[in-house]
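Residue numbers (our numbering), protein chains in the order written: chain A, 1 to 424; chain B, 1 to 424.
Please keep in mind that the hints were generated in silico from the structure rather than gathered at the bench. Keep in mind that a hint or two might mislead.
[As the list claims (entries may be wrong)] Here are some, though not all, of the chain A residues that point toward chain B, as calculated from beta-carbon distances under 7 angstroms:
hint : residue
1    : C102
2    : Q104
3    : Y105
4    : N108
5    : R141
6    : T232
7    : L239
8    : Y241
9    : P243
10   : Q246
[To be verified] Where chain A lies over chain B, by a calculated footprint (3+ residues, C-beta under 8 angstroms):
hint : stretch
11   : 103 to 115
12   : 244 to 256
[Stated by the list, open to error] Listed below are the simulated DSSO-like cross-link pairs for lysine-lysine, each with C-alpha atoms no more than 27 angstroms apart in a straight line:
hint : chain 1 : residue 1 : chain 2 : residue 2
13   : B       : K273      : A       : K273
14   : A       : K273      : B       : K264
15   : A       : K54       : A       : K170
16   : A       : K89       : A       : K164
17   : A       : K264      : B       : K273
18   : B       : K89       : B       : K422
19   : B       : K89       : B       : K44
20   : B       : K264      : A       : K264
From the three backbone atoms N, C-alpha and C, an ideal C-beta is built for every residue, glycine too.
Number of protein chains: 2
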Amino acid sequence: MAVAGPSANGNRVVNGVNGIAKGADPEATNFFNGEVLAGLNASKVTITKAKSLKPIPAVEDLVFGNTMTDHMLVATFHPEHGWSAPEVKPYGPLELDPASSCFQYCPNVFEGMKAYLDPQGEPRLFRPELNMERMRRSVERVALPPFDTAELLKLIKLMVTLEKRWIPAKQGCALYIRPTVIGTRPALGVSASDHALLYIILSPMGPYFRTGPKPISLLGVHDAVRAWPGGTGGYKLGLNYAPGFQPQREAAKKGYMQVLWLFKEGNGLEGLKVTEAGAMNFFVVVSRDDGGMDVITPPLDGTILPGLTRDSCLSLLRAHSPASPSLPALASTPLHAHERTLTLADLVRYSNEGRLLEAFGVGTAVVVVSVGRIGYEEQGQGLRDITLREHEGGHGPVAKALWERIVEVQEGRQEWEGWSVKCV
Amino acid sequence: MAVAGPSANGNRVVNGVNGIAKGADPEATNFFNGEVLAGLNASKVTITKAKSLKPIPAVEDLVFGNTMTDHMLVATFHPEHGWSAPEVKPYGPLELDPASSCFQYCPNVFEGMKAYLDPQGEPRLFRPELNMERMRRSVERVALPPFDTAELLKLIKLMVTLEKRWIPAKQGCALYIRPTVIGTRPALGVSASDHALLYIILSPMGPYFRTGPKPISLLGVHDAVRAWPGGTGGYKLGLNYAPGFQPQREAAKKGYMQVLWLFKEGNGLEGLKVTEAGAMNFFVVVSRDDGGMDVITPPLDGTILPGLTRDSCLSLLRAHSPASPSLPALASTPLHAHERTLTLADLVRYSNEGRLLEAFGVGTAVVVVSVGRIGYEEQGQGLRDITLREHEGGHGPVAKALWERIVEVQEGRQEWEGWSVKCV
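Go ahead and model the full structure; you've got the sequences and the hints to work with.
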């Protein structure tokens, strides 16, 4: 059994701060009242295997997030004992007190990651240290008990190795990984949860688009607001998502697949900042007079999730030059990446000028998905559409180049900056 | 056993809309695909009593929300079957799939209510129809399956009657009731939960302040923002609370008990709107030149929870006149209630002018709690305090009059506008 060796980092929480977890929140000490508590320690894991294993559905039959693997990993935090030894056990229900914080006040954090098989048939993760760092920040933002995310990463690698038979051996498919931490304080007083449950579940994914990439439609929405300055939009918290369900239904009723979240800062279309698309980061490609292209995504101002795919796209775009193309399919095209404010007025102007070449959403599950149509309402003028040109195969050239490049790095078919990480 | 009779309202959900629940969201139909499903029906309740009953702690030993009664009530919504028959059973853990929406995306709704014993020793609720209407709106806001809240109220009355021995027979004490609805869709796709679990748990409360009312301190905070126009601050959602835990810790580190949530709309203290205090609505009392008092609370602009206690305070204040005093202790004082924007600059000015007579927070758990000190930071001038005058007994005259009046109505010692409702 592939169990990580004893932690080089030690395994104690002193004064409530995991002395090893770089940057762990010293304020978390008020959980612990000076007690020396156990830290999360991958080397203490125990494994109870399922008596019988599930049949694995054909990748074509998989619906995202509906099928879970045979096992899950759990560890609990108790304010008097610290983190329990992690436990791998058959996938099954959690048992929780009805008064638990996770139901009542929602201090719930998750990450979305994927495991891939490389050409040697070995499992790989993609830039997992970025997920770990984001999870550390998210845990701190909702005042959950901290833990050493390096230990969590060892546990994730263990689970991926254990569930290797579930990783689809098909390009564009993957095993989706959902590390989750929830508050389990069994009391109704409104305060930070001093109990927690950390768990890892895994779900095999077929190709996101069964019949190849198809552009999606977006409806610009600003009366419902996803995130705001000083809020939690820049963290990966469960509570950022439920408020989007009702606006998403409204968009669907009007014939759009996802919401384009706008943030109203002023009057008119100029006052509507573009933030995210559904649960994805948003990019546009705009042609320049010099033959190059501007690729623009909104800046991380606190209302934008710092997505891994967003960061990977920006890195690849910035590394690209015709002399040294990080995106070989666009070898002859100078690309200029920008993190800058994008208003609905900008989108309309680029479109009217014939310069809006592409729009796409990016995220872990989908990687890259092109946008074909963006609806918006202008005061007193009803619903209008920005229509983007259609591209053969669904993706425009920039979306396609990014998608291909990222997927081949994720699957270990090409090396890039150490982004693809082996599990053993 | 006090079980409500067959529902006069019927018990079917047609096309996903509970045809009876006035105002139920017709858009919830997409859960049901035209199926005829069972609605929540109090008359179908089954009761399994606990084999042994717990000892009831002395009221002085109760910590808010830590002790639960012997039983809980649960009902589940399944997209193919609708609402299950409600089930009363011994209090115990919930069993839920780790992928459930409640952990991952937080479509979780709750209400806070209290049951009291009247002078005849019979249980009473306080304006429960307002909790039901707010819960209906909250459920709709996070796209949970709708239900007839009149049926829920019957179930709440049943539970209170069943757990009557837990209602403390002491003035100022009560049995706290926590109806909760959580999304239980067992899948990771980001969309509305088409499964739900509704439950009711109950917790006996001692006096909120063991040694009499003591004023609390508040720290004005605007870098972390509780609620935003277009957000969910006007709904009773679990997800509104976790983002406040970390700012609350920061305030505690600086020596303040709760956060006074400010909303920055412009520069300086004039640009900082006062919204809520901790998890309470906020009021100030300001003296007028004509001998009366202005009692001011921020308006329901979407960032403010429409609290029952807030509404009850406003109603009592508006009904008050020296000729017909709804607050007899203030018989000779003209009171002018206002729902209007209150800035930090207003608070400072009222204080400097010697007109800031009282500040207090109101909410279901605490009813009314006075504020003794409000800290704020002014650019470049460090932390300052607005200090409120001390009153014998902890409460100022308006806070005291409101607290006494509301509690005596809640406990059925005085009648007012039908606010106190019997359970049988």
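Verification of the supplied hints:
Given hint, C102 of chain A at the interface with chain B, holds; its Cβ is 6 angstroms from that chain's nearest Cβ, closer than 7 angstroms. Below 7 angstroms, beta-carbon pairs count as interface contacts, and Q104 of chain A has one with chain B at about 5 angstroms; its hint therefore holds. Satisfaction of the interface hint for Y105 of chain A is found here, the shortest Cβ-Cβ separation to chain B being roughly 4 angstroms, below the 7 angstroms cut-off. The restraint placing N108 of chain A at the interface with chain B holds, with a minimum CB-CB distance near 6 angstroms, inside the 7 angstroms limit.
With 7 angstroms as the threshold, the beta carbon of R141 of chain A comes within range of chain B, its nearest partner Cβ sitting at about 6 angstroms, so the hint holds. For T232 of chain A, the interface hint holds, the least distance from its beta-carbon to any beta-carbon of chain B being 5 angstroms, beneath 7 angstroms. Because the smallest distance between the Cβ of L239 of chain A and any Cβ of chain B comes to about 4 angstroms, under 7 angstroms, the interface hint for this residue holds. Interface hint at Y241 of chain A: satisfied, since its Cβ lies 4 angstroms from the closest Cβ of chain B, which is below the 7 angstroms cut-off.
With a cut of 7 angstroms, the hint placing P243 of chain A at the interface with chain B holds, because the nearest CB-to-CB distance is about 5 angstroms. The closest approach between the C-beta of Q246 of chain A and any C-beta of chain B is roughly 5 angstroms, which is under the 7 angstroms cut-off, so the hint is satisfied. For the stretch 103 to 115 of chain B, the stated coverage by chain A is satisfied: 7 residues place a CB nearer than 8 angstroms to a CB of that chain, which reaches the threshold of 3. Counting residues of the stretch 244 to 256 of chain B whose C-beta lies closer than 8 angstroms to any C-beta of chain A gives 8; at least three are required, and the coverage claim holds.
The suggested pairing of K273 of chain B with K273 of chain A holds, with an alpha-carbon distance near 23 angstroms, which does not exceed 27 angstroms. A C-alpha spacing of about 19 angstroms is found between K273 of chain A and K264 of chain B, which places the hinted pair at or below 27 angstroms, so the restraint holds. For the hint linking K54 of chain A to K170 of chain A, the alpha-carbon distance of about 20 angstroms falls within 27 angstroms, and the restraint holds. Distance check on the hinted pair: K89 of chain A and K164 of chain A sit about 16 angstroms apart at the alpha-carbon level, within 27 angstroms; holds.
Restraint check for K264 of chain A and K273 of chain B: satisfied, since their Cα atoms lie roughly 19 angstroms apart, inside the 27 angstroms limit. A C-alpha spacing of about 23 angstroms is found between K89 of chain B and K422 of chain B, which places the hinted pair at or below 27 angstroms, so the restraint holds. Distance restraint check for K89 of chain B and K44 of chain B: the Cα-Cα separation of roughly 14 angstroms lies within the 27 angstroms cut-off, and the hinted pair is therefore satisfied. With a CA separation close to 15 angstroms, the supplied pair K264 of chain B and K264 of chain A stays within the 27 angstroms bound.
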